[in-house]
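J.: With the sequences and hints as input, model every part of the structure.
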Amino acid sequence: MNHEKEQKTTNLAFSGTITSQLGGETITSCYQCGTCASSCPVAKITDKFNPREIIKLSLLGAKEEVLSGDSIWLCCSCYNCQERCPQKVEIADVIYALRNIAFEKGYIPNLYSEFASSVTNDGRIAKISKFMEQKRSTIGLPPLQPTGVEALRKILSATGFDKLQQKKEGM
Amino acid sequence: MNETKVGVFLSDCGKQLSKILNFEALTDYVKRVPGVTLIGRSSEFRRGKGLQTIVDAIKDGKVNRIVVAENLPKLSEVEIAQAVEDAGLNPYLVEVVDLKDHCAWPHRDTPSEATEKAKAMLLAAIERAKLLEPIGKLEFRALKSALVIGGGIAGIQAAIDLADLEFEVHIVEKEPFLGGLAARAGRFFPTDDCAICIQSPASDVKTITHTSRKCVYRSGFSEIPKLDVHTNSKVVEVEGVPGNYKVRIEKRPRYVDETKCVGCDLCTTVCPVEVPDHFNAGLKTRKAIYINIPSVYPPAYVIDGEVCKFHECTKCVEVCPTNAIDLNQKSEQKTLNIGAIIVATGFQEFDSNVIKEYHYEDENVITNLEIARMIDGFGPTGGKIVRPSDRKPAKKIVFVQCVGSRDKRWNEYCSGICCMISLKHATLIKSVNPDADVTICYIDIRTTGREHEYYYERAREMGIKFIKGRPTEISRDEETGRLIVDVEDALLKRILELEADLVVLAPAMVPAEGTKELAKILSIDLDKDGFFKEYNAKLRPTETKLRGVYLCGGTTFPKDAPTASLHAHSAAMRTVKFLSKGKLVKDQRTAVVNEEYCGDCEFCPVTCPYDAISLEETTDGHFVARVSDLLCEGCGICVGTCPVGAIELRHFKPDQMKAQMKGLMSINGTLKPLVLALCCSECGGTTVDSSGMAMMKYPANVRVMKVPCTGILQVHHFFHAFKSSAQGVMVVGCKSDGCHYEVGVQKAEKKVELAKILLKEYGIEPERLEMFNMVYIEGDKFAEAAQKMTERLERLGPLQLMEGR
Numbered sequence: 262m263n264h265e266k267e268q269k270t271t272n273l274a275f276s277g278t279i280t281s282q283l284g285g286e287t288i289t290s291c292y293q294c295g296t297c298a299s300s301c302p303v304a305k306i307t308d309k310f311n312p313r314e315i316i317k318l319s320l321l322g323a324k325e326e327v328l329s330g331d332s333i334w335l336c337c338s339c340y341n342c343q344e345r346c347p348q349k350v351e352i353a354d355v356i357y358a359l360r361n362i363a364f365e366k367g368y369i370p371n372l373y374s375e376f377a378s379s380v381t382n383d384g385r386i387a388k389i390s391k392f393m394e395q396k397r398s399t400i401g402l403p404p405l406q407p408t409g410v411e412a413l414r415k416i417l418s419a420t421g422f423d424k425l426q427q428k429k430e431g432m
Numbered sequence: 021m022n023e024t025k026v027g028v029f030l031s032d033c034g035k036q037l038s039k040i041l042n043f044e045a046l047t048d049y050v051k052r053v054p055g056v057t058l059i060g061r062s063s064e065f066r067r068g069k070g071l072q073t074i075v076d077a078i079k080d081g082k083v084n085r086i087v088v089a090e091n092l093p094k095l096s097e098v099e100i101a102q103a104v105e106d107a108g109l110n111p112y113l114v115e116v117v118d119l120k121d122h123c124a125w126p127h128r129d130t131p132s133e134a135t136e137k138a139k140a141m142l143l144a145a146i147e148r149a150k151l152l153e154p155i156g157k158l159e160f161r162a163l164k165s166a167l168v169i170g171g172g173i174a175g176i177q178a179a180i181d182l183a184d185l186e187f188e189v190h191i192v193e194k195e196p197f198l199g200g201l202a203a204r205a206g207r208f209f210p211t212d213d214c215a216i217c218i219q220s221p222a223s224d225v226k227t228i229t230h231t232s233r234k235c236v237y238r239s240g241f242s243e244i245p246k247l248d249v250h251t252n253s254k255v256v257e258v259e260g261v262p263g264n265y266k267v268r269i270e271k272r273p274r275y276v277d278e279t280k281c282v283g284c285d286l287c288t289t290v291c292p293v294e295v296p297d298h299f300n301a302g303l304k305t306r307k308a309i310y311i312n313i314p315s316v317y318p319p320a321y322v323i324d325g326e327v328c329k330f331h332e333c334t335k336c337v338e339v340c341p342t343n344a345i346d347l348n349q350k351s352e353q354k355t356l357n358i359g360a361i362i363v364a365t366g367f368q369e370f371d372s373n374v375i376k377e378y379h380y381e382d383e384n385v386i387t388n389l390e391i392a393r394m395i396d397g398f399g400p401t402g403g404k405i406v407r408p409s410d411r412k413p414a415k416k417i418v419f420v421q422c423v424g425s426r427d428k429r430w431n432e433y434c435s436g437i438c439c440m441i442s443l444k445h446a447t448l449i450k451s452v453n454p455d456a457d458v459t460i461c462y463i464d465i466r467t468t469g470r471e472h473e474y475y476y477e478r479a480r481e482m483g484i485k486f487i488k489g490r491p492t493e494i495s496r497d498e499e500t501g502r503l504i505v506d507v508e509d510a511l512l513k514r515i516l517e518l519e520a521d522l523v524v525l526a527p528a529m530v531p532a533e534g535t536k537e538l539a540k541i542l543s544i545d546l547d548k549d550g551f552f553k554e555y556n557a558k559l560r561p562t563e564t565k566l567r568g569v570y571l572c573g574g575t576t577f578p579k580d581a582p583t584a585s586l587h588a589h590s591a592a593m594r595t596v597k598f599l600s601k602g603k604l605v606k607d608q609r610t611a612v613v614n615e616e617y618c619g620d621c622e623f624c625p626v627t628c629p630y631d632a633i634s635l636e637e638t639t640d641g642h643f644v645a646r647v648s649d650l651l652c653e654g655c656g657i658c659v660g661t662c663p664v665g666a667i668e669l670r671h672f673k674p675d676q677m678k679a680q681m682k683g684l685m686s687i688n689g690t691l692k693p694l695v696l697a698l699c700c701s702e703c704g705g706t707t708v709d710s711s712g713m714a715m716m717k718y719p720a721n722v723r724v725m726k727v728p729c730t731g732i733l734q735v736h737h738f739f740h741a742f743k744s745s746a747q748g749v750m751v752v753g754c755k756s757d758g759c760h761y762e763v764g765v766q767k768a769e770k771k772v773e774l775a776k777i778l779l780k781e782y783g784i785e786p787e788r789l790e791m792f793n794m795v796y797i798e799g800d801k802f803a804e805a806a807q808k809m810t811e812r813l814e815r816l817g818p819l820q821l822m823e824g825r
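Here the protein sequences line up with chains A and B, keeping their order.
Taking this note's numbering, the leading residue of the first sequence gets 262, the next gets one more, and so forth.
Taking this note's numbering, the leading residue of the second sequence gets 21, the next gets one more, and so forth.
If you are wondering where the hints come from, they were derived from the structure by calculation, not from laboratory data.
Accuracy of the hints is not assured; some may be wrong.
[Claimed, not checked] 27 Å max Cα-Cα, derived DSS-like pairs, lysine-lysine:
no.: 1; chain 1: B; residue 1: K488; chain 2: A; residue 2: K317
no.: 2; chain 1: B; residue 1: K428; chain 2: A; residue 2: K305
no.: 3; chain 1: A; residue 1: K305; chain 2: B; residue 2: K488
no.: 4; chain 1: B; residue 1: K376; chain 2: A; residue 2: K305
no.: 5; chain 1: B; residue 1: K513; chain 2: A; residue 2: K309
T.: And the structure:
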């Protein structure tokens, strides 16, 4: 990263945004020891994800880079890092906080978006395929009934989730 | 005493004050105050002719109370008090007011208002002076003997200093041998010298030059007259007072007579019991009768009572050529008469087992203290670096820094010395075995001491590898049997799996075992990290809140050997200062209990920061508080605590305070609401002084009254101020964590909070009362606060008390 680019992407208020978000409070304690990175099963297999780097970039205010990139969505939430962090930084929760901020800004990976649509439309986290129905009947299970999705929609509407979701779909 | 005759001496500070204050008006005013028998005027009264006027007036019997308006109040107070005492009057019958810094200078733009305020200040001082009582001098015994708890490098150095100065010294060491951590560490950085050598005692007649230093065991320090070493011993109980303690120590049996043992080693050759040698990191075994290393002090073997077969065996007894072994020895207790106590119990390694992912239970994962034993030629491997699992040479060695330190889960602080310890061990390994592959995994390398950075550079030159990253896990590869260290090289952003034969952990340094218990026995405080707390890190770095108890070495925080030594000499100096006269002299500026009112509550003993108050049973079965004049520091926190007003300060009695308050509020002279600023005599009061000295302005309606510590204040004092015409009250104390009497200002803060609630209840605006925490360099803050308080009161309008309704 050259100097000029860093100047453009630096947003000093960003760490304040994160600490005021639920789960993001502890980020400023990080002293970059790398315990999280070496604990991380994802970082072991791909250099696209490194929790230490996400925290460093966030603290330096590289807001756009962190929010628009893929890396925050790669955390598998195993909480290994959080267990072992010597500064009690709640790393996995910080990443959730970053995801929430990204979601609000409309940075939502397609996979998450589809998942969300499935929940709001059918009330299920997975689509029911014909294959699945067949399999159920062969082992004597009854066909799946439609879920009470109306109540769920009310909740999602009250929390403003549906608007965020629409924002994404409109993009 | 006969009728009070107050002499008032007004200094105009070289005619500077008379440019602002109307001294004729002041003289006229003072003249009419009842009890004033003499008024003197001069350009200064703290020295020369001015001071002589005061002395003459006392000698002629014209006055028996002195009020001096003089600048530089603290200096003046000392000089005038001394002269007054020499003239035959008790120095506590003097009251000094500062008409310059507290009046003329801050109010120089409104001279007539300043003059009216000066009248009030003088009246307050005169009324207080009339009620002053003489305060006597007390003498206490101070034994010229010291107890040093802990026989490591720090304890030994402090003991030698004191013994060389002919103090009686007792060293109490819990282990059977002296030397503490240094004896195990072998060498110390950055010189790689023996850790165990000490400065030769001055009394050593065979010492060739004063620069000579020697190993503890051959230094001859134990031969200094009046120096006693009690090994295998611990302090059980401390009774008495500073200068005159009775300390009970318990000595566990050694089973070997130190005066007979010649160290021939025959006993170990016949002893059938073999156990792991913990001193040597369990890398070898030792017998039930043993010494740690060849050169120990005392030079006598010891029997490990937990494993010896005693009378079932007796082989050592039979073989001992000097009949030094006595299997019937029992624990014994001794009481020592001690003037002062030096705590030098040091620190120890944190238990690495707590961090499960580092698998310290694996034989090949060891700590810095254990590798130190391996490096030591006297150690279990004869200086060879091996894998403990198979004793084969360790070729690949990984050091892991910050094990349990800088870690919020265990010890938040940086232990400070572990980086240098690991660098020392890494370079020592490299220098005997240049082919060894040595890596140090670190978060930050901290080499802040003198020459320490060169040491780090040398390590890099020698080819030691550095990885910036804290390992997350150490595991054993079952196939190869080698250790795997998972770490991210944060600089390269690479996740690494380092192979190692041997992993050396650099554990946090934590307070020595038994620190908490000892703190309880001695009634001294620990800090939040569990180390002993010094009274003031800058000014009294070896003192505790108790006179007579001192700290040195790693007891206050992990230290390297040179710093521990420095600390030890400093503690010895303080001890000498305390005991050298053989007596302790102090003024009886202490608290005193009115036993008629006091009874059956224990608020003051609990609140007193100096444990100066105890409850004693009276003949009629009640419990009353008794103040130790020796321990009392005269802060008045007890006065601020007593629910029935049964305790008071001899030099700050309630009627004196009330008279002073009334005087200050007697004349306003301005159109603004009167404000009483109750300041402590430490930081709070000096902030007011400094604002005046720097000619910062605030209005003359603000009147200052100093108390020893804001902790003396009770809620009724605030109400009394309002009753005495104050429209607002400021309480000015030290910073919350900087009270000179530990907790006084915190008590005052609580009192102010409580009073605010009550004021509201009584229909008085709670904003009329405010707490401020200030230090000397914040004079501007005081001036600003005084100005703002005035404006606030102007907005609130006049105070309506019940009488006014």
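J.: Determine for every hint whether it applies to the structure shown.
T.: How the hints compare with the structure:
For the proposed pair K488 (chain B) and K317 (chain A), the alpha carbon gap of about 15 Å is at most 27 Å, so the pair holds. Straight-line distance between C-alpha atoms of K428 (chain B) and K305 (chain A) comes to about 26 Å, which keeps the hinted pair within the 27 Å bound. A hinted pair counts as satisfied when its Cα atoms are at most 27 Å apart, and K305 (chain A) with K488 (chain B) qualifies at roughly 17 Å. For the proposed pair K376 (chain B) and K305 (chain A), the alpha carbon gap of about 21 Å is at most 27 Å, so the pair holds.
For the hint linking K513 (chain B) to K309 (chain A), the alpha-carbon distance of about 11 Å falls within 27 Å, and the restraint holds.
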